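The residues making up each chain are set out below.
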Amino acid sequence: MAYLAKRVFFYLFTAWAAITLNFFIPRVMPGDPVQSLITKARGQLTTEGIQSLYVLFGLDKNESLISQYFKYWGQLFRGDLGLSFTFFPSQVSDVIGQALPWTLGLVGITTVIGFLIGTGLGTLAGWRRGSWIDALIPVTTFLSSIPYFWLGLIAIALLTGPDSFFPAGNGYDTGLTPGWDWEFIGSAIQHSLLPAITILISSMAGWILSMRNMMVTVASEDYVTVAHAKGLSERRVMVGYAARNALLPNVSGFALSLGFIVGGTLLVEIVFSYPGLGFLLFQGVGTKDYPLLQGIFLIITLSVLLANFVADLAYMLLDPRTRREG
Amino acid sequence: MSDAVLEVKNLDVDYGLGDDAVHAVRDVNLTLHRGEVLGLAGESGSGKSTLAYGLTRLLPPPGVIAGGEVVYHGENGETADIMRMTDDQLRAFRWAETAIVFQGAMNSLNPVHKISTQMTDVIKAHDPRSTPRSRLDRAREMLALVGISADRLEAYPHQLSGGMRQRVMIGMALALDPRIVIMDEPTTALDVVIQRQILGQLIELRERLGFSVLFITHDLSLLVEFSDRIAIMYGGRIVEEAPADEIYQDSLHPYSDGLLHSFPALRGPRRELTGIPGSPPDLRAMPTGCAFHPRCPKAFDPCAADLPLLGIPESHADATTNGQPRTVACWLHPIR
Chain A
1 MAYLAKRVFF YLFTAWAAIT LNFFIPRVMP GDPVQSLITK ARGQLTTEGI
51 QSLYVLFGLD KNESLISQYF KYWGQLFRGD LGLSFTFFPS QVSDVIGQAL
101 PWTLGLVGIT TVIGFLIGTG LGTLAGWRRG SWIDALIPVT TFLSSIPYFW
151 LGLIAIALLT GPDSFFPAGN GYDTGLTPGW DWEFIGSAIQ HSLLPAITIL
201 ISSMAGWILS MRNMMVTVAS EDYVTVAHAK GLSERRVMVG YAARNALLPN
251 VSGFALSLGF IVGGTLLVEI VFSYPGLGFL LFQGVGTKDY PLLQGIFLII
301 TLSVLLANFV ADLAYMLLDP RTRREG
Chain B
327 MSDAVLEVKN LDVDYGLGDD AVHAVRDVNL TLHRGEVLGL AGESGSGKST
377 LAYGLTRLLP PPGVIAGGEV VYHGENGETA DIMRMTDDQL RAFRWAETAI
427 VFQGAMNSLN PVHKISTQMT DVIKAHDPRS TPRSRLDRAR EMLALVGISA
477 DRLEAYPHQL SGGMRQRVMI GMALALDPRI VIMDEPTTAL DVVIQRQILG
527 QLIELRERLG FSVLFITHDL SLLVEFSDRI AIMYGGRIVE EAPADEIYQD
577 SLHPYSDGLL HSFPALRGPR RELTGIPGSP PDLRAMPTGC AFHPRCPKAF
627 DPCAADLPLL GIPESHADAT TNGQPRTVAC WLHPIR
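Protein sequences, first through last, are from chains A and B. In terms of the numbering used here, the first sequence is residues 1 to 326. In terms of the numbering used here, the second sequence is residues 327 to 662.
No lab work stands behind these hints, which were simulated from the structure alone. Computed from a predicted model, the values in this text were never measured in an experiment. Note that CB positions come from ideal geometry on N, CA and C, so glycine has one too. Treat each hint with caution, since some may be false.
With a straight-line cut-off of 25 Å between C-alpha atoms, the simulated SDA-like cross-links for lysine to any residue are [unchecked claim]: (1) B:Lys335 - B:Met411; (2) B:Lys440 - A:Val310; (3) B:Lys440 - A:Thr86; (4) B:Lys440 - A:Gly108; (5) B:Lys440 - A:Ser252; (6) A:Lys6 - B:Tyr482; (7) B:Lys450 - A:Val310; (8) B:Lys440 - A:Leu176; (9) B:Lys440 - A:Gly240; (10) B:Lys450 - A:Ser252; (11) B:Lys450 - A:Ser233; (12) B:Lys440 - A:Leu21; (13) B:Lys624 - B:Ser588.
Computed far set for chain A versus chain B, every beta-carbon distance over 10 Å [to be verified]: (14) Tyr3; (15) Leu151; (16) Asn245.
With these hints in hand, go ahead and build the complete structure from the sequences.
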């Protein structure tokens, strides 16, 4: 428990450091959001207008950096991430809140499925070395070496078109209003199929390869031979003795990849103009939308930290050797 | 005492297939009798571990059984050739009749499972109708047998010392009341004090429970002390087999003699240590004739040309212990 408390403290500290950095970076960068708004408004803003914009973005020049910093924290705790330019005058938190479910749905589900299928296939390939599943390895490795956005482009070029079942972009049929009805959900699933398959194909191979190699290593361990000698069933030896131990590195890799779900697979979302966080980030960069970028970075940082914490917990649960006594 | 429980007949074990195969075990005949401790000694690479893995069909690829049979004599006189068992038969046979304690005391237990899990899953696999409670009771009983307190059942392997782990393995090996326990250098990773403790305990258990032991080691001094009979292996073949004290006092094969002079005696008068010059043969390019002749201080004409066969030497034709003649494969001792 003391160990856990130490980890929690470490993550809280890291989160604090990340948020502080997130506060300072836009303030020490050349140029500022208000300048870019002024340019956008083409000189139609009055001096008072400019000053009120500065106050609005928490960049009031008459206020000290320290007090800005504390104000920033205050806003964070209220869930107030400022206003977005691109979607002016929407709140950044609202904009992110709209994009997040799409990314979590698409990338989250594909990450989990990719991990499960990949680990399963890797287990079999490593256990029956030299069988047909093992012969699949070079194929999957080849697929994983193709950048996934390129795979996406090919998929769009080959599979989409006016008469195709697969839509070329967007998260749902734009004629529908988002809601929890079957028509909308069906349309959302239909739109997510191609990007999901693209991500699956390119991410699964990594899990297969690492699991297969760990299985081969673990299969020659003494305790696996002992398990055979004990006359346990083939299944029990494979699952309980070999895969159970081979899984450990994959689990920590999986927990880390959970953290990157939120960042989204930027390029896939761009290629499929999928309304997720990655696409939003892309739009934010294009329009120099500082508050939006800051907000997205914050969310990504926090989710990576959270995923790291989950990885720690999972490891403690799965590997008794990492549990420290006392 | 004289009825056999395990008979190895003309066993050949190869690594690899076809012409490139390395013959790790050649034409081995060995009989393990009820309740006895049979020692199997030899240098590294002499094929003793391969023999142990081979006769339980645990050889990792590319190891293959190239020929021979291993006959198991059941309690009620039924016999079965282990080499011809189906997978299901083999699975049921393993651990219930022959348990093995392996070389690596440190790595024989799975680090992520509790001791209790690893002891009970083998009972469950062989007796699916047993209840969790009865399995746990049995595990507790086995730990008590090897002198480990029952609260260690909930421990993970890394929380035990090397000696405790090997004792757990011995306890686990006896959990199903096997008739044969194969020990493949069970004490190599342990210090001398713990070695003796564990072996002493094993011999005591053997007297109490009556199982037979095939004890494999490169440490002949251990065998002299703990085993009834000793077989010496060299280059994949058995070169001498005799009761332990006869090997110790009057070894016939120059290789056995060399092994015996490679370690200091624990008791008795001081002897000069000599060791054996040269190194073990390359299994891919075995010497012609007797494999030992390039290193043998007593080699003479026929040694390089012809392979000596294992047999009862004329000089000791009448010497039998418990009806067991001693055998040797050396041109110095023509066989009958």
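Numbers of the earlier hints that this structure fails to satisfy, in rising order: 3, 4, 7, 8, 10, 12, 16
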